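J.: Each chain, letter by letter, is given below.
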Amino acid sequence: MKEVELTCSATAKEPSALRLVLTLGIAGLISGFILVFVYQYTAPIIAANKAKALREAVFKVVPNSAYLQELHYKDGELVRVADESGGEKVQPGEILYGAYGPDSGFMGYAIVGSGNGFQDTIRLLYGYDPVQRAVLGMHILDSKETPGLGDKIYKDADFVSQFSPVLVDPSVELVKGGRKADNQIDAITGATISSDAVVKIINNAHQKWDDKTKGAPPKFVPPPPPKEKEKDGNE
Amino acid sequence: MSVAELVGTFRNGVHPHENKEQTENFPIARMAFGKIFTLPLSQHLGAPSKSIVEVGQTVFRGQLLAEAGGYVSANLHSPVDGKVITIGPRRHPRGDLATCIELEADPFSTQTINASPQNDPMNMSTDDFVASIQDSGLVGLGGAAFPTHVKYKLPEGKTCEHLAINGCECEPYLTCDHRTMVERPEAVVRGITIAAKILGAKKTSVGIEKNKPDAIAAMQEATKNLDDIEVYPLKVKYPQGAEKMLIKAIYGIEVPAGKLPLDVGVVVNNVATMTQFADWFDEGLPLIERVVTVAGTAIARPANLIIPVGTSVREVLDFCGLDMNTQQVIMGGPMMGMPLSSLDVPVLKGTSGLLAFTEAPKGHQNTLACISCGQCLEACGYFLNPARLAKLAQARRWDELDDFYVNDCMECGACSWVCPSSIPIVQLIRTGKGALRELKANQQA
Amino acid sequence: MSATKSYSEEFLKGIWKENPVFIQVLGMCPMLAVTNTAVNAIAMGVATAFVLLGSSILVSLLRKVIAKPVRISTYIVIIATFVTVADYSIEAFSPALHRELGAFIALIVVNCLILGRQEAYSSKNTVGFAIVDASGMAIGFAFALFCLGATREILGFGTFFGSPIFGEHFEPWVIMALPPGGFLMLGFILLFFNWLEQRKKGAAV
Amino acid sequence: MIKKPMQLLLQTSPFLRRGITTPRLMSEVVIATIPVIFAACWYFGLSALLLIFASVAGAMLTEWFFTPKKSSTQPSNSLLDGSGLLTGILLGLTLPPGMAMWMAFLGGVVGISIGKLVMGGLGQNMFNPALVGRAFLQAAFPTAITTWNPPATSPGSLESFTAIRESNLAAPFMQSSTDAVTTASPLGLMKFEHEPTPWFDLFIGNTAGSLGETCAIVIIVMGVIMAIRRDFDWRIPVSILLAVAAFSAIPWFIKPELYPTPLGMLLSGGLLFGAVYMATDPVTSPVTPKGAWIFGASIGLLVVLIRLWGGLPEGVMYAILLMNAATPLIERIAQPRVFGRGRSAV
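Protein chains in written order, with our numbering: chain G, 8 to 242; chain F, 24 to 468; chain S, 22 to 226; chain W, 35 to 380.
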């Protein structure tokens, strides 16, 4: 590029410090204004998107569910995260989701698990029924597995459908050449390591939550509808 | 049991087709004298000699024509009875013009030499001996033409334990040393006796490659009553005739880089030089003629000929029946010799062979990419990395050549011979050496 | 700078003669990472175009105000602003796309193409020319991304804009869907452009 | 008759040449692959020929397309030196028998273009072109290249020779892995099932694997012949095999039930083929004798590491490619000691 000026002109007077501060100040001010405006406008939409994505995932792994609420384990029982008023914030890793049917009846839990795959960390969500002691469904949230091979853990419908349901006792087991028992998953040919990772993640997550989900599930408390409306009205 | 009998050679090296059968069984013959003799004043290593004759002066065979121009220089004698016709520039086999004394042979002379034996060398002091050899104009007859007397003047503090006599003749085609050993073993032994006496060498070793069984037999026969001379049959391998390789082959000693054989107590001489000692001291014959192998595909009657120094190459080749379609004429051996651009150049003191070919060796024309096969490394007697040197030279990275010891290279040509991609490695190394020398000179200036 | 330059010339140079990817080899990071499908490539191209255009206009407007010693910092602030705007907007309106492009949207900040245009052009030209130059460069960049993305999608997934073109038995070239495939493909495309160039030269001789 | 003045050639010494040229060396290696090709046909039938043909075609066509034409009548050197042909054959021999022909062709194209031509042609390439082609195929078609067909049940019979695998003939861009009969390679069996393969089967080649790598005996014999003819540096295969034997013996002594025997390591997978035909590529291996030892031993170590503890059952290809990259470095530190000097200072 011929236009590039390689050196500052030596004859030009060195600008004052005030000028430098002013320049950056103006740039920062303009930038700030734009960002505040954009953030104001997009933040609720982004939040709504995220919530919607999560809901969809939960409803997928717990079939026929229609409502969900965030739960966490406190003082020997699972309680709603929403009940925490002013208390310490709950870490995302300590949250699981209770899924409820259209009649507000408890359908199962949706649990997030993560662990090492073939390439990178795999994050997944699985539905769990503490009564049947079975995984109801599995959905990969995040993975960078090899396209065409490892990515079959979410692209291959046959593999995914094996998780609805699969028994967790004594543990979910990976086998080759077809599943023979209700706690078995048939590995994807050529992607044994990725399949194994999925099964391991579920087993690990189950170990963590097994005892905590043995008690009675908390009741579904529908969110107060007027508040939502108010927000919508503001827009 | 010596190291030589166990090993019998040096490490690495190559074995080109010997091609000696053309001449190895013919006795040495004498070529008829020609008309014109051209004698360059510079036909040895070192300073050119200085002419002491005038144009028109009549000279006789064996008469001194030019005196040594310095310590590292040699005298020059007339090979014929005749008349000096010019002293001026003539074509040198190197290709350039050099000052030469041109003689016209006397057509009526019998060309017999009227010389008398020198003093008894066995009773001479070293200094007298050295002066005497310098008078004889003797230079190394193996090819480099290094004035012989220099080797016999041992520097202060150095002693010579061993005298190594080089009868390898590892260059293909050449058989002049071979025939000399077969036909004049007693002259070789006489020379060795003189040399060993002067040097004070305790033992003399004659290294001969095993492809010359008759020469080995003749030398063994001639030395069977002499305890201090031993004949070593060596494995046939090129470049075994190189001084340091020969020392390694016979004694198993590596001469340190940049040092002389004398630093490990060895003096190396060619067999032909030994016969010259005998001729000079016993008959008074200075170096005015030598045995030359004339061979090659373009030669109808290959031979080993005694040829007076200064004879025109054209006369020699025509005498041996030169083919009309000759493509290449080489003075010396095919591995280290020099190509002639013209046949009208004289035979020199260092000329061991004249080879003429109807076609140039194949594979020279197409240089291919280096595939790093490493064969040049296995050929190099000095364990250099010729491929790397050639690449550096080609890339003109002269200063890096020194890191890979380019100056240790003796340019034997084994790497070029072996290269499957026909890369002119030696040529590139020569170029690199020259450029490096220039670079260093400039840096010092 | 000569006064005779025309708008059309300034516009076209970015698309072909000084194409940011094929000729200047700029902006390699997004180029290699997110061009595994045509859609991703175009989205990245549009996002970059938005940032480039926005910051070029602003820089050109402020070119008399910006003090020389802090100009680079100022450009970065301006560029970062537009990148954040683009980031938020994509996340709000197309979460799926945002997930695909991931961190590479934020990395537009360090795309040397954008900073390069500010330093080399917008800071020295009027708004009109800055817009024309930025549009040309942006289109050139997007075009290059598209070439790469389309080829990689066809080879890596057997689809074009998501619709299969080879039928169901297509064997995907896995590597083309991975970042190394970007390197390979870019190499091949550069090879192709050089080959074209050489042929043109050859024809001219 | 007028005597024509002689035209004397002026060259520098030496005036003799050994007469063994690079194309001749290449063709000797090509000839040395013929028994391997024959063994491949014996066990895998016509598929072997089809795949080799396809990869050779890919390699040669690319070479021809990109090589500057000197004149219309005289093809340029690089096409005739046999290196492209050799690359094609070697690549073909490293492919599984069920691979699609179009993939083999593509491998040849990539191997020559990226592996050789973009680096500046023969002698300039850093990586073995055949392995570059195979690495590309491995990255692009990981399923197809690890799908092994079992060898013919009655090797050498006419039916098993002419029975072409359908997957070989897959149309360009289409899947090749439709063949139902697949099996695991000996290395895969050992790694994932801890099930060793009888060494005699490995020795004669009656196992699943790439076309050229299964029959150990043929490769060993050809390797010995080539080493005697000095077509390559014998130190490289010898040091690779010694290193593999040595390094794989250690874990085997500790846990014989979990790790393969050193003999099994030597005979299975592409180790012998890689050591004899791939690692010995002169261009991409060190020229110095010391360098050859370092190069070979490092390959052996890497092979053992990848095979026993890596994610893949086989590691010969990556081991060789990695050491190819290290070759200039090795050459730098492994200069030979110069005659009459102490340790080389470089």
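Just so you know, the hints here were simulated from the structure itself, not pulled from any lab data. Heads up, a few of these hints could be off.
[Stated by the list, open to error] Straight line, CA to CA, 16 Å or less: simulated EDC-like cross-link-like pairs of lysine to aspartate or glutamate:
(1) 221/G <-> 176/G
(2) 59/G <-> 189/S
(3) 57/G <-> 112/S
(4) 225/F <-> 209/F
(5) 58/F <-> 367/F
(6) 85/S <-> 21/G
(7) 176/F <-> 151/F
(8) 151/G <-> 189/S
(9) 57/G <-> 189/S
(10) 258/F <-> 41/F
(11) 183/G <-> 193/W
(12) 414/F <-> 426/F
(13) 89/S <-> 21/G
(14) 324/W <-> 401/F
(15) 162/G <-> 31/S
(16) 219/G <-> 77/G
(17) 220/F <-> 244/F
(18) 219/G <-> 203/G
(19) 57/G <-> 149/G
(20) 81/G <-> 217/G
(21) 226/G <-> 110/G
(22) 414/F <-> 425/F
(23) 58/F <-> 341/F
(24) 215/G <-> 176/G
(25) 226/F <-> 251/F
(26) 463/F <-> 425/F
(27) 225/F <-> 253/F
Keep in mind that this is a model prediction, so the values were computed, not measured.
J.: Out of the numbered hints, which ones does the structure contradict?
T.: As far as the earlier hints go, 2, 4, 8, 9, 11, 15, 17, 18 are violated by this structure, in ascending order.
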